[in-house]
Structure formats: structure tokens, C-alpha cells
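J.: Construct the entire structure; sequences and hints are all you get.
Read off the chains here:
Protein chains: 2
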Amino acid sequence: MENPILKRRSVRKFKETPVSREMIDKLLEAAMAAPSACNKRPVDFYVITDEEKLQEISMAGRFTRMKAPLIILVVGNLKRALPLQLADYWIHDAAAASENILIEATALGLGSCWCGIHPQKRMMQKVSQILGLGEKQLPFSLIKIGHPDEFPEPHSGYDKSRVTFLE
Amino acid sequence: MENPILKRRSVRKFKETPVSREMIDKLLEAAMAAPSACNKRPVDFYVITDEEKLQEISMAGRFTRMKAPLIILVVGNLKRALPLQLADYWIHDAAAASENILIEATALGLGSCWCGIHPQKRMMQKVSQILGLGEKQLPFSLIKIGHPDEFPEPHSGYDKSRVTFLE
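So the sequence lines, in the order shown, correspond to chains R and B. Using the numbering used here, read the first sequence as starting at 176 and increasing by one per residue. Using the numbering used here, read the second sequence as starting at 176 and increasing by one per residue.
One or more of the hints may lead you astray.
Same chains, same label: a pair holds when it works inside one copy or across any pair of copies.
[Claimed, not checked] The calculated DSSO-like cross-link candidates involving lysine-lysine, where the alpha carbons are at most 27 Å apart (straight line), are:
1) 335 to 188
2) 296 to 254
3) 301 to 335
4) 254 to 215
FYI, nobody ran anything at the bench for these hints, they're computed from the structure.
T.: The following block contains the structure:
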């Protein structure tokens, strides 16, 4: 199989076919296999397939409106975060979990698009309100997922100017 | 092949054998295939195999001291970041690139360990000083990589209590 890390592209057009529960479980398993600073695991997942909630949440931002049969919302849970200045490691953990979801989706033949929510306060508030999140739960990313209805070609992002060798 | 997302564990003991340039290139290619908010790509990579630099940088923190033949330092480059409150998306991008390096390392049979640097100011300053980074370059993660000399068993992090279904 082609390396899903290299194959992954943002997909914004999806078929209406639902994503099977088996695939959803694989996406969640991949998400929770991501590393977490000091193994605190301060990240929750909201799996949304309810038509009304999908629509409501998709209206939270300007770039979140494309139609998809599945959203996984990755949420920081500050109740489990590290203390003090280390608390912000939840952001690293949430991003690693998000990336794992995208790669696993690609490996399963699904399309996905990572829409950033955090640190945009208005979008975070809207999403929190729609889902009734607690005070310590911070919406991080909204990942649209489905069977793809567009197939962007993989393209290498390799850029030598970003690399320095100390050898 | 076993799914490298699920197989990945932190490895802290490495053989002395160097990591080949071909493998290093694959790690960098994977890193740069990570998504980036608005495709800004505000992330640089320092590839360190020089013995003296490896030792110096490994002393930057308490948990960064294990010996490895390769460090990839992932660095935020604020010159290419989004403006204003969106600037912090560099953190998401750097974390996604870091996670890709870990998964690709696993797929290549290498071991790796993501050591957090950002947002710990003292460690960031030390690393910046050692590498002579510019003001707009922020050390994010220090990834130790090598041929593994310990083989932690994969373990599922799946935890139902972290998942909410809205279906």
C-alpha cells in the first residue's frame, strides 16, 4: 500500500454513504494511540453522525461548511492536563491525535479535512454551546470525514530550504 | 505490515548504528507531508548527527538525556506563521509534523521518542542558543531517533470514557 502519510490530502467533497462503525472505531483507536506528554491523555473525542448536529456544527465557522457524513471533534480536557506552564501540552497531544485520525482515514480509503477551531475564541464558544461542553473542555479541531468524492493527487511538500543539517 | 500508528511506542534505548541518509530523507518527507493551516508551513527541521551537538542538546532538559545517533529538532518559524491570533496554528502544524516523523520512524523499523521543548522557556532558550536560532525560530520538539535497543510492546490506548457519540 502507498504510504498514507504521503498520500494524505485535504478532501472537502464526500459521498453521502455513511462511514461504518467499524471504520469509526479504527479512527478512534488510531487517535488514542498518539503519544501524550507524561501520558496524561487530556483529549476527548466527539463522534458526530446526527444530521442536525452535523449541520449545526458545520455552521460554526466560515471554512467548516462542507457536507460530510461524519465529524470527529477533538477536544482538550483540562481536567487531565499537566499543571501550570506544562498545561499547554494538551495542544500538542490534541494535534498528534488529529494527525493520526487523518492518516488512518487515508489508510482506510476515506477522505478527511482538519478544520482548526482552537485558538479561535468565537468558534470555540459556538461549538462548546452546541455540544454542551464543560468549562474545562476546549474544542480543538473539527475533522470532516467521509468516502471521498474528489481525489486530489498526493504532492510532495519536501522543501530543502526548511532543513538544516548539523553532521 | 502492522499499522505503524498502533505499533508506535516511545523508545529510549538505541543502538550506536547511524541512521542512513536515505532513512533521514524519508523521515523529513513524512514530516513535510503533514497538513499546515492555510498551507503556511511555518516549521523548520534541524537534523543533528554531529556527536558534539548531540551531546550538548541532550543536556538541555532533564528528560532529553538518553543517547541516540540522530535528533530531529522541529522548530516553529514565525516568519511564515499566520497573522495575529491565528499565529498559534504553528503549534498545531509542528505537532502534526512531529507525529508524522514518529509514525514514519516506526514504519522504517526505527525507534523514536518525542521530547517536548515548547512551551518551556528555559529549554527553548538553551536549545536556541546551542543552535544559534533566529529570534523568530521557536524550538518545538526534540525527537530522538535510532535503531531500537528496546522493544516496548504496542498497547491499545483505547478508552471508551473519552468518547461521546452523537448519532
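J.: Please write out, lowest number first, the hints stated earlier that are contradicted by the structure.
T.: 1
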